[in-house]
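First residue of the sequence shown? That's 1 in my numbering, and the numbers climb one at a time after it.
Each hint should be verified, as a subset may be incorrect.
Derived BS3-like pairs (lysine-lysine); straight-line CA-CA distance at most 30 angstroms [as the list claims (entries may be wrong)]:
id, residue 1, residue 2
1, K55, K141
2, K19, K141
3, K141, K72
Here are the in silico distance ranges between beta carbons for each label pair [unchecked claim]:
id, residue 1, residue 2, range
4, N87, T17, 39 to 49 angstroms
5, S145, E24, 35 to 45 angstroms
6, T17, F111, 34 to 44 angstroms
7, K88, L53, 22 to 32 angstroms
8, Q31, I91, 14 to 24 angstroms
9, A30, K88, 42 to 52 angstroms
10, N132, Y49, 14 to 24 angstroms
11, E24, H85, 48 to 58 angstroms
12, N18, H85, 24 to 34 angstroms
13, H57, H36, 27 to 37 angstroms
14, P123, E24, 16 to 26 angstroms
If you're looking for bench data, these hints aren't it; they were derived computationally from the structure. For glycine and all other residues, C-beta sits at the position ideal for the given N, C-alpha and C.
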Amino acid sequence: MELRSIIRKLSLDVHPTNKKIVGERLSLLAQTLTYHQQIEYSGSAFEKYELNLGKIHLFFSNAQGLKTNDNKSPKGFVLYGYNLHRNKEIIIDAENISIAGNKIIIRLPAFIQLTSIRYAWAPYPDCNLINNDKLPASPFKIELSGNF
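I would like the entire structure built from these sequences, with the hints used as guidance.
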C-alpha cells in the first residue's frame, strides 16, 4: 500500500503534514487485516491490460466506482516508447483517457510505438484516480511485451 507519495502530492518534506489521512489509511488496513472486518482498505490496483485498435485498456481490482477526485479526466499516466523509425525515445503524458467501469481506456497517439506505461510513478505524482471509497489507485508500471 502506497501512502507516502499519493498523500503528500508535490511536497518535498519527507514527513506528511496531514497525519490524519495517514492514520485513517492505516486504521483501515488494521481493521481489515488484524480485526477481519469486511471494509475496503485499498485503492484500485492494476491487474492486466489489453491492446485494441490504437487503444490500451487497463483493468483494475478494487475499482468499484472508479473515478477521479476532481471530476476531470484521469491524470498521472505517462507513455514511454519510440517514434515510428525507432530512432528517438518519446515520453509523453497520456491524453484522451476515459473511464469505463473498472477500466481506464487510453487512446494511443499514432506517432508512438509504446513500450511502457506508468501511473503515479514519481516521488510526488500529480494523479487523481480513486475508487468509490475515495482511496487512491496504487502506482504501477507496465512493460509491454513485443514492442522492443
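- Item | Enumerated hints in conflict with the structure, sorted upward | 8, 12
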